[in-house]
Structure formats: C-alpha cells, structure tokens
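Trainee: Input sequences plus hints: build the corresponding full structure.
Chains as they are written, first to last, in the working numbering: chain A, 34 to 245; chain B, 34 to 245.
A hint or two may mislead.
The list cannot tell twin chains apart, which means a pair is met if one copy fits it or any two copies do.
Unchecked claim - Computed list of lysine-lysine pairs in BS3-like fashion (alpha-carbon distance at most 30 Å, straight line):
| no. | residue 1 | residue 2 |
| --- | --- | --- |
| 1 | K235 | K166 |
| 2 | K71 | K178 |
| 3 | K218 | K235 |
| 4 | K181 | K38 |
| 5 | K166 | K181 |
| 6 | K218 | K234 |
| 7 | K166 | K178 |
| 8 | K166 | K38 |
| 9 | K75 | K178 |
Because the hints were derived from the structure by calculation, they are not lab data.
There are 2 protein chains.
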Amino acid sequence: MGSVKVFGPAMSTAVSRVMACLLEKEMPFQLLPIHLPKAQHKSPDFLKLQPFGQVPAFQDGDGTTLFESRAICRYICDQFAGQGNRSLLGPEGGGAADRARVDQWVEAEAHSFNPPSSALVFQLVFAPSMRLKQDPAAIRENEAKLRKVLGVYERRLAESRFLAGNEFSLADLATDKAELLTSRKNVARWWEDISARPSWKKVLDMRGAPPA
Amino acid sequence: MGSVKVFGPAMSTAVSRVMACLLEKEMPFQLLPIHLPKAQHKSPDFLKLQPFGQVPAFQDGDGTTLFESRAICRYICDQFAGQGNRSLLGPEGGGAADRARVDQWVEAEAHSFNPPSSALVFQLVFAPSMRLKQDPAAIRENEAKLRKVLGVYERRLAESRFLAGNEFSLADLATDKAELLTSRKNVARWWEDISARPSWKKVLDMRGAPPA
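Mentor: See the structure below:
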C-alpha cells in the first residue's frame, strides 16, 4: 500500500481544505506540488487525475484517485472513520440527519460564502499583487453578498459553537479569509477557534515551506 | 409521523433536483409552493427553515429540517437507503470509494457545469422573457467555459454510460439545460437517457401543474 498523495500547491484554498482534513484525521500524506504558472495542471498526466485541470487531485494508498476537494474530504472521513477526529461528519454514532446537518453547512460554504469571499480576495489581495486593475463594481457587489452571508453565520454562531453544532466539523474546515471575518462578534470568536486548531497551523506551516 | 415536505417552486432547478431524488427513491412528498415574486422565501417563517432565504427547504416526516439541495439529496439517499433506487450514491454494497466517485461528479456539476450553464440560461432564456438587456460579453465568457466542461463530460461519457459509472446516480440528477447539451454525441445520448427517466418526466409534469 502506497502513501496518500495530494496533488496541488499548498497555497490553494481547495488544496488546504484537503490537507487540513487529512491532518484532522491524523493520516500521513505526501504533498506533490503542481506548478500552476507552468500549467502543470493542464498536462496530460495531471488531466488523467483531474479531467477539468483543477487542483487538488488525490490518490489513496490503494490507488483510488479522486477530484473535487469536498468530495475528497467526505471520502477521507468515510475511509478513515476510525482514526483521528471522528466527528468531522457529525457526532460519532450519529445518524443520517447528523451527517446532513454538517453537509448542509459544507454546501452553504461552497455556494453562499465562497463565491463572494473568493471574488473579494482576488480583487483586494491578488489583483494589486499582480498589478491588475481592481473592479470597484465587483468589490461592492461581493461585499454586499458577503455581508448577508456573514449575517447568517453570525446568527447561527450565536446558537452553537461551530456551524453544524457544538463540535468542529467538515463545515468549519479551511476558511482562510481572516481579513473578511473579524468584524462580527460570533464569527470572530469562531474564526479564532478554527484557526487555532493544530491541523490548520500545520497547513499554514506547509504553505510556508512545502515539502519537495 | 408527518409527510415529507419540499418547500419551493417546482420551476427551480434546485427544487427539481430534490423532487427527482424523492421520486427515484419512491418516497411520497408534499410540494409546498413558495412564491418568489411575493418574496415568501424572505419571510420570517421561511427563514427559520432556510436562513439564507433560498429554495428549497426540506422537512422530513420526523420534523428534521434541512437546506441546500445536494445535502438534502444525500440525506434522502442515506435515510431511505432501503427503498426505490438503491444505487444513487454508488452500487449497492459498495464502499467509500464508490460513494466518492458519485460525489466527485456531483461536485463537478455544482462547481464546473452549473455556474456557466445557469448564467447562459439566464442570459438566453430569462433575460429576453423579462425584457432585460442581454450581456454579450457574459454570454461569450460562459459559452467558452461551458464548452470546456462539456468536452470533459463528452470524454467521460465515452467511457461510461453515466457520469459516475454505468448506473444512474445522484450525479446525473436534474440537469434541465436541454438546449445546451445536444451538440456532442455522448452528452446527447446521456441527456436522452436521463431525461427519459420516469422520475424526471414526473418532475416536468409537476412543474406544469404544481399541487396546491
């Protein structure tokens, strides 16, 4: 049985999501960097792993390959159910409804939180660093969308410690948008909680010095 | 035990996805129409079911409520595992990798196929019917994106009958974008296959005459 492999640059949010999940599950893995500026994600070999040419791709020790970070995370939780953090898909011994309560917040992150927050990070962080022109209308539009989403998060996080309940779950994994999150009381408290986890600190370390 | 309830207009793709899933599982349900032009999805009662004010919301017979259509569909498959179509989350008796193979194509639909196809349906179908101005740049950009995605689907569907394998699964549910899909041989064959299913025909019937 080979080792678990994650293909992609640690800097990618989606790659970080999978890394954080593996670290929560205490599952050793190899990170195989994919160089996006050199278009390694569009190479024929990589397209066999990920037909859309996106990161990450994943290979299990038995050769199973998968793509799409949230599908990979659910797989890791199912496949390595007995080790590490056992409540990422809901409280241990819980039923379909517990799993679904996590899943609905994973989906909310994917469809409500992530689109405006990614657009804002692009406009506010990447565009200046790449000397691209910022788009004020896009900034305004996405700020308004994100404000609504954070309002929902704030009310939810006044009821429970984490998004899906009082346990850290897949729904809280990898939200690396610090600068957007600290103006609301409960969101700020949640952000401090989730970014203080050893798994996430390790992800940030690996971003600084990815293994060769 | 009450009946299963789906809240939302049948015309919504996300509502149709949940209806088609329930029909595949042979699970009777009530469709409770939510009138979007009257902003019923922003009413305090609806926001208790769906804090983002989006459709659908879902209530199980035991009172469990959920939101996010793909999370609801996974829940329906888990909760009613023993009835109706038993291979929506992968072949019966399969393992975590089989489920993940379905899940990666559900995610690909959500993140790669759906954004450009929804944008195009808005520009090409809704904008004219609402007398809104079409955006030629948005049309070009989303056509190019969709063309790439359909290229991946075409290659995949040359290898297997459905997206996740040779069985119809959650990944094939509710792709109601006919006009965008018929120019590629295998995509067209797949589209005919999935839109001929009794569950989907029933969804289209219900769209025509939603129950009161």
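Trainee: Taking the earlier hints as the rules, which of them does this structure contradict?
Mentor: As far as the earlier hints go, 1, 8 are violated by this structure, in ascending order.
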